[in-house]
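Construct the complete structure from the given sequences, taking the supplied hints into account.
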Amino acid sequence: MISAPDVVAFTKEDEYEEEPYNEPALPEEYSVPLFPYASQGANPWSKLSGAKFSRDFILISEFSEQVGPQPLLTIPNDTKVFGTFDLNYFSLRIMSVDYQASFVGHPPGSAYPKLNFVEDSKVVLGDSKEGAFAYVHHLTLYDLEARGFVRPFCMAYISADQHKIMQQFQELSAEFSKASECLKMGNRKAFAGELEKKLKDLDYTRTVLHTETEIQKKANDKGFYSSQAIEKANELANVEKSIIEHQDLLKQIRSYPRQKMKVPDLHPGDVEQSQDEADQVSIPPNPEEPAHADLYTCRPSYTPKLIKAKSTKCFDKKLKTLEELCDTEYFTQTLAQLSHIEHMFRGDLCYLLTSQIDRALRKHQHITNFLFEDFMDVDDRIEKQENVPSRPSREGLPSRPVEECPIPKVLISVGSYKSSVESVLIKMDQELGDEEYKEVKATESSSFDPQENLDYLDMDMKGSISSGESIEVLGTEKSSSVLSKSDSQASLTVPLSPRVVRSKAVSHRTVSEDSIEVLSTCPSEALIPDDFKASYPSAINEEETYADNEGDNEGAIHFHASVTPPELGETQEGNLENTPSQIDSSCCIGKESEGQLVPLPTPASTLSEEDGVVSIPPQRYLQKEQGLHVDLVMENTDPSPRDNICEMFPAYELDPRCLLASRDVSKTSLDNYSDTASYMGSVASASSDRSLSAHPAGLSSERHKKRAGQNALKFIRQYPFAHPAIYSLLSGRTLVVLGEDESIVRKLVTALSIFVPSYGCCAKPVKHWISSPLHIMDFQKWKLIGLQRVASPSSVGTLHTLSRYSRYTSILDLDNKTLRCPLYSGTLVPRLADHRTQIKRGSTYYLHVQSMLTQLCSKAFLYTFCHHLHLPAHSEETREAVASRQTSFLKLNLGLVNEDIRVVQYLAELLKLHYMQESPGAACPLLRFDYVPSFLYKI
Amino acid sequence: MLRWLIGGGREPQGLAEKAALQTIGEDQSQNPYTELLVLRAHDDIVRFLVQLDDYRFASAGDDGLIVVWNAQTGEKLLELRGHTQKITAVIAFPSLDSCEGSSQLILTASADRTVRVWDCDTGRQIQRVPCLQSTVKCFTVLQKLDVWLSGGNDLGVWNRKLDLLCKSNYLSDTGISALVEIPGDCVVAAVGKELIIFRLQAPTEGLLEWDITEVKRLLDHQDNILSLLNISDKSFVTGSHVGELIIWDALDWTVQACECSFWSPSSQLDAQQEIKLFQKQNDISINHFTCDEENVFAAVGRGLYVYNLQLKRVIACQKTAHDSNVLHIDKLPNRQLISCSEDGSVRIWEVREKQQLAAEPVPTGFFNMWGFGRVNKQASQPVKKQQENGTTSSLELVGDLIGHSSSVEMFLYFEDHGLVTCSADHLIILWKNGERESGLRSLKLFQKLEENGDLYSASR
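Protein chains in written order, with the numbering used here: chain R, 1 to 939; chain D, 1 to 460.
Rather than coming from a laboratory, the hints here were simulated on the basis of the structure.
Any given hint might turn out to be false.
Chain R is faced by these chain D residues, among others (derived, beta-carbon under 7 Å) [stated by the list, open to error]:
id	residue
1	26
2	27
3	28
4	31
5	35
6	36
7	434
8	440
9	442
10	444
Quantities reported herein were computed from a predicted structural model and do not represent experimental measurements.
Built from N, CA and C at the ideal position, the CB exists for glycine as well.
Given below as structure tokens:
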């Protein structure tokens, strides 16, 4: 299977000069490891050159007892995605590295077949020949008709970018565990059903046989049995035995939840019901659900049939498909989860990491976030995941409900996680040289120096790339915990340090010439002494908290500082050298994927690609809103309060991934093109399959951001009076965009909506298009309105109300290119919306706006929460004195000029309202306004 | 035609349209109301607002619904449903000081000819009087006697338990339009052109039952009496459809002063002719009164007049304060006067002493008001001058509140929470002092922080 020894292609060591492979002129791809296309064609070892598929996908394979490894389905289910990639071959490979100790059958000393509830194993493997790297998640499903009652399956996330797999291992593992858990849950349900049926059959058969025997007995009363009778009796005995066996199996499978969760008082029915509840919270209820309300009860409709002796295990019969193996409802949920995974990990690593960093940083400002961030879609989920040990997953997988996840379970999961970590360590003990081991120790215990971590990661990348056409198993995680799900959850709560360790080990190992290398797997729990296991986790936790205290708030700054100057120089050099090619290739990719897009049969997608902002189809928007709604519900039902999150995010911050990414950000910010281009590529490719987008919300919002940024940029360049218009939005004065052409108006409204502060958790107060006369309520509700101008008598009313309420509005007339709004003379908006800006990309501009607004938010936060500014110092102090103190603070401490003060004051009001609303729910928004004269701007 | 809206042409035309109306720009530094909250619960015209206590008020309208609100937060506290037709009168019946347990009541009368009593703490309907002979159009509460009176086609006297104590004779088809208590256990009822004075007698040793008797009819008004107000213990004021303002002595029911020259100093007869020729009648109808110690403020047609009780003449006026009839006015403690009108706007005025040599303090547009009717200006302007000479104060427009899209029926002023307006556009708007609210919110914010324990944890 695996043949040639690996060739070490390139290595780059920034700090380890002693490494023999150090080469001075290093291809840029290694210092910007997140941009896989940069060097395409530039060197023969390019990872992408071998890849025969256009983008990442998920493959589900089975090791069939009849035909061997075979691919079952891919997500997305689109031949374009995997192209000429040989799925059969790859299935073979991924199935050949299943290290699950799946043992089912008659264990010695046991009379009956025993079901073993095996843990999933998680493996990373690479196939450099195919240019494919995969996270492989093995699982076993039960099938009554299969050999040993088990069917081995695996789900693989296949990507051309190895770094992505390695660095997203935790996330992948967590997400896939959810999917796997869902699948297995459904499978157990189906299996139990199958057993029930089988039992009925057997029961029926027994009755039939029994009567036959009786008849025979009666027929010959001679005192001895005919051979026929004996045969019948044997058969009967067989059936009896079979019944007992199956009953035992049924008992075993039914006992699963109790056994696994170690919650003694739990009835399966309860579990299921509360699961259903949980499902309903997060996922639109399945219409079929009521029918399946009771999991393990038999279906009365089933009519038993007679079983012929030895009818089982016949090879010519068709094996059950995956769908048949699993309860339909669970199966579809699993598929949804998988396609969610596919969406979640779309785009290149750089993008993923940046957004992760972004989220991590954003958690620091959970009080001001609601103003400008559209944090609803992703963040909540992440938050939830981080809190998971005590919570059901958001995905609505059939997981245990909140009440049923008490502390003991958490403990278990942590323990299990630890054990897996430990196993890695043990492995290292055995395999690493002393020196390296110490290094590992150092990283682990003393400090989370980002640079070091990076290097380990780098090393590991090199190592794996070097393999010629072998399969390397770069890391497996086989937890000894009883419940793989909880284990994955735990691994989320404890961030990445163990992985660093693991990858170190990997780097060490890849040099060796074994054909299959399984690096750092831990076969069983037995290796680890129990007490060690118990103590280790706490050690990790301590480290983390320690680091927390140290790093605390200056996290980001800290990271940047740690980038050593030589390294920086080098990267810059590299960037300079490679920039042209980078741009080229990125452009190519962008075009390519857009080119792919054009011939697509679905006209909708091309259309949406063409006409920009407007392209976001209304239903998807709706869908998103639904999502939001769901999130809200979750938030309300969420028992664990905010402080949980607060506790969590420092840990997140220390995540080496973040460290790495922060370095990457500093690099990529050197040229805006690379990231936007790659992003474009990912977006374009993402949009090429519209068909099965189960989680389009995040995606559309990405595109939305980009388009909005672009159009905002256009607006700023086009209109000299963009500043007062933006000021209107920022200061909470409703901006009415008046125009005849709906698409133009909508486009501009979408673009400008990035400047609109939100009231709270709901969508931004933006109305894209309205044709009826405005009402005072509209100004209270919306801060940006697209208004139709009709050239008919009815429009007089519209315009009349507009002029009547002119004190609440700024009016941007697109047809006449005029703006009527108050004067603006601050300095904030010019920085925010500089018409001579060098920024060319929409998404870049969007990010620019976001960062500026974040800055603004922090000012507003300071202003709002400064105690002495708002409360009188003593009882006699007049309101005027307080007001003057506020003004001087705004001017002197926050450096705000003129109208900028109003912006911060407005944001401060929103903050206050939001903060106070949090508990009682959303109150009605206020309309605040000023009596200031408006002026007419013309081009 | 669309250009006027956005283009520079808007202002001139707007000015031309409203030539008669004093306008104020957007620069209203003295207008404290920089925050508004739209309250929505009614499905029809909201006609009545009643203050219940320091922070609550009730609204009632043509949809038969009564809603109790929190004036501070704008929160809807209660919805009182029961009436099947529009509400014709609302009054708050304060709880007795003697018994603590009794909560405040609201009395409502509706066109469905019932009167209902509500507990405004629980929202429960306490009692209901069905099948009255006529729709009750006004209420008054005599706190001293702990009874309330309903004015419809007759006058009924009720106690707190909704027992009908006594009843007057049938008065007229139009019924009582206004009812006011005057000293000596008397009430004045405005019935058409007449003022009828009733005396109420509580049961004593000699008299077992409550009794109400008509004492006197005053026939000095030429037209229907629209407004009736107690000025003090000694006097009350009435205003009629043709602009007669009469101040009465509350004890001997005689005319103390009469002012009928809101529109012209010339004789009544001429005036009426003139009116018929040039003006709509309701341009001089006295719609509403309010008063303080010195002055009676009258909403006359579209204008506002300040009538000084001592000088017995109009000391300040604003002939076209609004585009349309002024429906309700109120005097604030800070010398401000607020008026609301059918044109959907609310305006804030300030009474200022006129300086000696302020020759033309009135805006230019003021004189043009007659121009609409194409009167010859020569005739009317001297009239103006004369009146100007009489005024010693002026009403200055301080600010306006624009929010309602239809006639503003009534408003209510809360010292601490701002202004509540209700309108025919089914909305109630809560106008607040933005600065003060912002300060209050900050206070609340820090309170909450303290409660959560977040406030000092950082510093400790």
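Hints violated by the structure (listed by number, smallest first) = 8
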